[in-house]
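Colleague: With the hints as extra help, turn the sequences into a complete structure.
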Amino acid sequence: MTLTAPTATIGLDTAAELAAQLRVDSIRSSTSAGSGHPTSSMSAADLFAVLATRHLRYDWDDPRSSANDHLILSKGHASPLLYSLFKAVGVISDDELMQGYRRLGQRLQGHPTPALPWVDVATGSLGQGLPDGVGVALAGKFLDKQPYRVWVLCGDSEMAEGSIWEALDKASYYQLANLVTMVDVNRLGQRGPTDLGWNVDAYARRAEAFGARVLVVDGHDLAAIDNAMATAQDPSSDRPTVIMAKTVKGRGFSEVEDSNDWHGKPFPPDMAERAVRELGGERNLKVRGPQPEPSAADGSSPTSDAAARPVTTQPTEPPTPARYDLGQKVPTRKAYGDALVVLGAQNPRVVALDGEVSNSTYAFEFARAHPGRYFEMFIAEQQMVAAATGLAVRGYHPFASTFAAFLTRAYDFIRMGAVSGVDLSLVGSHAGVEIGPDGPSQMGLEDLAMMRAVDRSTVLYPSDATSTVALTQIMAVLPGISYLRTTRGKYPVLYPEGESFPIGGSKTLRSSDQDQVTLIGAGVTLHACLAAADALAGEGIQARVIDCYSIKPIDDEAIAAAATTGRIVVAEDHRAEGGLGSAVKDSLVAGGRATPALTHLAVRGMPGSGSSKEQLAWAGIDADHIASAARDLLRG
0 MTLTAPTATI
10 GLDTAAELAA
20 QLRVDSIRSS
30 TSAGSGHPTS
40 SMSAADLFAV
50 LATRHLRYDW
60 DDPRSSANDH
70 LILSKGHASP
80 LLYSLFKAVG
90 VISDDELMQG
100 YRRLGQRLQG
110 HPTPALPWVD
120 VATGSLGQGL
130 PDGVGVALAG
140 KFLDKQPYRV
150 WVLCGDSEMA
160 EGSIWEALDK
170 ASYYQLANLV
180 TMVDVNRLGQ
190 RGPTDLGWNV
200 DAYARRAEAF
210 GARVLVVDGH
220 DLAAIDNAMA
230 TAQDPSSDRP
240 TVIMAKTVKG
250 RGFSEVEDSN
260 DWHGKPFPPD
270 MAERAVRELG
280 GERNLKVRGP
290 QPEPSAADGS
300 SPTSDAAARP
310 VTTQPTEPPT
320 PARYDLGQKV
330 PTRKAYGDAL
340 VVLGAQNPRV
350 VALDGEVSNS
360 TYAFEFARAH
370 PGRYFEMFIA
380 EQQMVAAATG
390 LAVRGYHPFA
400 STFAAFLTRA
410 YDFIRMGAVS
420 GVDLSLVGSH
430 AGVEIGPDGP
440 SQMGLEDLAM
450 MRAVDRSTVL
460 YPSDATSTVA
470 LTQIMAVLPG
480 ISYLRTTRGK
490 YPVLYPEGES
500 FPIGGSKTLR
510 SSDQDQVTLI
520 GAGVTLHACL
530 AAADALAGEG
540 IQARVIDCYS
550 IKPIDDEAIA
560 AAATTGRIVV
570 AEDHRAEGGL
580 GSAVKDSLVA
590 GGRATPALTH
600 LAVRGMPGSG
610 SSKEQLAWAG
620 IDADHIASAA
630 RDLLRG
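Going by numbering that gives the first Met the number 0, the sequence shown wraps up at 635, each residue one higher than the last.
Think of the hints as simulated: they come from the structure by calculation, not from any bench. Misleading hints may appear alongside valid ones.
As the list claims (entries may be wrong) - Okay, derived cross-link-like pairs now, DSS-like style, lysine-lysine, Cα gap no bigger than 30 angstroms in a straight line: (1) Lys584 to Lys506; (2) Lys612 to Lys506; (3) Lys285 to Lys264; (4) Lys328 to Lys612.
Modeller: Written out as structure tokens, the structure reads:
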């Protein structure tokens, strides 16, 4: 392919000087910190130098400008390179680079996070930067409709991650020509050679098989890099571009070049001094590349305020919200779909994604009502959460749904979303043994535990359609990672329209001054608790029933009040570890209260296939078992 010459004004001689400076400063900062990855930074310095001086359109004084290109360091361990670039463009000082890198309380962390305004997403868990970049590129092409590009630097080691190939597959499916991946093929991983080493042709064939346009270059030939980056911006292309750059780890310092012994090791001071000398000494070059071209979708000037940016889809006339009669049997997953349609009409920044089960999660209702804001990720749950993260970077609020069991596959992406500080709403349907004959492979039995463990997360488990609608609405404005667990089967509506469901609250559905035991449930087990309470009432036993729809944060006051009855039965369609029962126990302990007699009914053992009724009975979480547990506590 003929490579088009760029129209940049900064010459390649300046780029060469910048590359040397980036290497020197990567060495200096890591040696000063006593830890870091200088050699992994040195291999990619030429790529960054050419990109920053001649192709990255970025206003460094306004990192939130909607016109800026995006730069994502997927190989996050090469943070010395990124931070050295930040010094070169003048947004951090040499003093911060030398005294702030990898120090407690400083923003130049070992792997980049959005603590720095020029960093979109946290990286370091390999294989995530490119999938996140797909989400940013989706926003640019379909929602913002801005000409910015997303540049992602990957390492060759992370090309072994399946998530990289999920990303390229979806980038090709959505024809994301605004996404450019640079792969630093330096041959060496942490413990030795990568599986393909320097076989860039093999990498190229794989990327091409996933639909990308691939340009193979010598990663230290500045002119070749320059031409490849210019070609990547060809406006006639309808494919993502991958630049496969053959590089040398530790490039520029002969003592360590292509050495297997220096991954993740800073140079001792005497060695660092020799390296800096060989690279031509310290430099303090200040250079900035091209500025972005403002072109907001409506012709107005771009703004750095995400909430104020123009959007290409405007609010539509809200459809009539679904109405649910008390006692009407409605799956909460259906109520979620109903609520999402209305929410999408009210708020043009709400988007939805699904993993090819939208006719089960009911996300298909949003797709039908708002097709321009729905993104199908097929059976690629990691990419689904990553794309949601990238969309959140651009100021949209994503709702991503699949079966609760399958979110476990994307857990590392959820965890890193919390590190990135993005706002994501995740929805897991078909949870627990209640789903019946499909068997354990489809049963989400660990989801509450894993979501509770996410930093600053919110975990919600509604029991009826009314509470599902209310909680879905609230999730659109919640900060951080929020999770809604929905149920497959149809269950009676318990609450009237307009009922309030504050985060951290609960509902007490049965209570009296003579309560002898408290039954706590959520979702399907709440209905079992109500049935058990009715059975106990027929025996003259008064049971309080609490709907813990907010599992994190949990209603500490309600739990404290429950403790006064002296006996508590917690029932949940989840593993015994980490779910509702654990949340109740944690609340009691944290409150410093004397622990009441407590029975925790949960799924123990490996379920099989069977009807929903049979499964709940097998697990010991149906009404009969709950009532029996209450009687046992009373016999004490």
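Colleague: Evaluate each hint against the coordinates.
Modeller: Right, here's what the structure says about each hint:
no. : hint             : result
1   : Lys584 to Lys506 : 18 angstroms, holds
2   : Lys612 to Lys506 : 25 angstroms, holds
3   : Lys285 to Lys264 : 28 angstroms, holds
4   : Lys328 to Lys612 : 16 angstroms, holds
Of the numbered hints stated above, none is contradicted by the structure.
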